Amino acid sequence: MFHAFDNVGPGKALHRADWIALLSRAPVDLLESVLAPHCAQPPQWLRAPETGLMMVQGRAGATGERFNLGEVTVTRCAIRIGETHSASALVGVAYVLGRSHRQARLAATADALLQNPAQQAHMDASLLAPVRQHLALQRTQRQARAQSTKVEFLTVARESGTPGEEEENE
Amino acid sequence: MKAHDLSALGAGFSSEAHGSQSVFRAALQALSHPGRCVDALHDAQVPSAGHPASAALLLAMLDADCTLWLSPMLARSDAALWLHFHTGCQLVDDLAQAQFVWVAAGDAMPELKVLPQGTEAYPDQSATCVVDVLTLQAHLQGQAGWCLRGPGIQGQAQLRVEGVPADFLAQWSANHARFPRGVDVFLAAQQQLVGLPRTTAIEPTGGQSACM
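Sequence lines, in order, name chains Y and X. Each residue of the first sequence is one higher than the one before, counting from 740 in the numbering used here. Each residue of the second sequence is one higher than the one before, counting from 21 in the numbering used here.
Worth flagging that the hints you see were computed from the coordinates, not collected in a lab. A couple of the hints might just be wrong.
[What the hints assert, rightly or not] Quick list of simulated restraints, FRET-style, between CB atoms:
(1) Y:Met793 - X:Asp187: 43 to 53 Å
(2) X:Thr139 - Y:Pro781: 46 to 56 Å
(3) X:Glu140 - Y:His777: 35 to 45 Å
(4) Y:Ala885 - X:Leu61: 50 to 60 Å
(5) Y:Ala801 - X:Leu111: 33 to 43 Å
(6) Y:Ser839 - X:Gln211: 19 to 29 Å
(7) Y:Met793 - X:Glu36: 13 to 23 Å
(8) Y:His777 - X:Glu36: 56 to 66 Å
(9) X:Ala84 - Y:Glu771: 49 to 59 Å
(10) X:Ala221 - Y:Thr790: 40 to 50 Å
(11) Y:Ser839 - X:Glu223: 57 to 67 Å
(12) X:Asp114 - Y:Arg878: 44 to 54 Å
(13) X:Leu111 - Y:Phe741: 30 to 40 Å
(14) Y:Phe741 - X:His104: 26 to 36 Å
Keep in mind it's a predicted model, so treat the numbers as computed, not measured. Ideal placement from N, C-alpha and C gives every residue a C-beta, glycine not left out.
Between the sequences and the hints, there should be enough to build the whole structure, so can you do that?
The structure is reproduced here in structure tokens:
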């Protein structure tokens with residue numbers, strides 16, 4: 740759910756895999772508020788949104804053999820932004836959890852815009868920064884929730900054994 | 021092949037279900053009436069290499085479980101990425117592993133006998149070969165061509181094909197003789213398909229008089 744690259748340090752280059760991972764976890768309201776103006780025209784689908792199942796694998800304690808954890812619903816799409824067959828055409832790809840075609844479209848649009856060097860800085864500041872904040876908040880809330888169930892066991896220091904036992908050991 | 025260089029890629033069928041159903045129907049029609057030229061109507065943005073009819077046919081037929089062998093010209097072109105992106109098919113270099121084979125016009129057609137032939141128990145496990153040809157004509161009009169006989173053909177059918185290897189008919193009669201094993205072939209012009217199932221017998225004919 741959370742990754743080390745969610746909070747890149749200043750001056751670090753942005754990688755496409757990292758921002759796709761961020762976009763796939765971005766809440767739909769946040770995507771909608773930034774990207775709605777870019778979704779006014781009818782979309783040029785390379786692959787229209789489609790919903791399917793994916794098997795999620797896990798490792799117990801993040802180590803050991805992988806096992807099948809269960810299936811999740813995933814929606815994916817690929818969209819083209821810009822003129823068909825022109826050099827400036829960019830293709831955005833998105834995989835998001837759930838069945839929202841709208842969310843997949845918005846995330847794919849964001850991916851395409853982020854590939855444009857002219858727009859990258861603006862998109863990073865207006866979209867990715869709030870997504871990182873949102874994820875950081877989610878993370879601290881989850882930690883706080885887990886902390887509240889923490890149990891402190893009181894351990895009573897054991898008295899030294901009976902004199903009889905000590906004698907036997909010797 | 022860079023998986024993420026999608027900027028020049030065309031879209032598939034605008035409606036996946038209806039588009040592939042209509043092309044599948046055309047393929048069914050072509051195989052049930054060998055030698056008949058069937059229009060493959062579709063709205064996919066096909067790749068620049070290869071004929072549109074064969075691209076649409078493969079787009080409709082392939083899925084993630086299928087293996088596909090492409091002739092050298094197609095393997096170098098955008099057709100490979102296009103089919104892989106839209107269908108998830110596995111591209112193979114070894115003809116013996118291929119369930120589908122696509123040969124571009126101008127590339128040498130691999131010999132039919134080296135493709136998977138299926139087994140006596142499972143003849144359906146043979147390869148399907150899609151060959152792009154220059155022209156397809158269902159009427160000879162006095163010219164030399166082929167005379168087709170077999171299931172699905174009332175009497176005989178005529179076909180004139182330009183762009184298959186010179187020894188195609190010799191290869192085909194060996195393929196026909198292997199029944200129930202053997203490969204099925206689709207010949208594809210720009211927009212039309214002709215089906216040649218392994219049950220069809222083909223003889224060369226010099227003109228109308230020889231094929232009566």
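Each hint, compared with the structure:
Hint check: methionine 793 of chain Y to aspartate 187 of chain X, Cβ distance near 48 Å, so the stated range 43 to 53 Å holds. Between threonine 139 of chain X and proline 781 of chain Y the Cβ separation comes to about 50 Å, which falls inside the hinted range of 46 to 56 Å. Roughly 59 Å separates the CB atoms of glutamate 140 of chain X and histidine 777 of chain Y, a value that falls outside the hinted 35 to 45 Å. About 59 Å separates the C-beta atoms of alanine 885 of chain Y and leucine 61 of chain X, a value consistent with the hinted range of 50 to 60 Å.
Range check, alanine 801 of chain Y to leucine 111 of chain X: Cβ separation about 35 Å, and the 33 to 43 Å hint holds. Restraint check, serine 839 of chain Y to glutamine 211 of chain X: a C-beta distance of roughly 39 Å breaks the suggested window 19 to 29 Å. The given range of 13 to 23 Å is respected by methionine 793 of chain Y and glutamate 36 of chain X, whose C-beta atoms sit roughly 19 Å from each other. Remark: the range hint 56 to 66 Å for histidine 777 of chain Y to glutamate 36 of chain X is contradicted by a beta-carbon distance near 25 Å.
The hinted window of 49 to 59 Å between alanine 84 of chain X and glutamate 771 of chain Y is violated, with their beta carbons roughly 33 Å apart. Taking 40 to 50 Å as the suggested C-beta distance range, the pair alanine 221 of chain X and threonine 790 of chain Y conforms, at roughly 48 Å. At about 60 Å, the beta-carbon gap between serine 839 of chain Y and glutamate 223 of chain X stays in the expected band of 57 to 67 Å. For the pair aspartate 114 of chain X and arginine 878 of chain Y, the beta carbons lie near 49 Å from each other, so the given range of 44 to 54 Å is met.
For leucine 111 of chain X and phenylalanine 741 of chain Y, the hinted distance range of 30 to 40 Å is satisfied, since their beta carbons lie about 36 Å from each other. Hint check: phenylalanine 741 of chain Y to histidine 104 of chain X, Cβ distance near 32 Å, so the stated range 26 to 36 Å holds.
In summary, the structure is inconsistent with hints 3, 6, 8 and 9 from the numbered list given earlier, while agreeing with the others.
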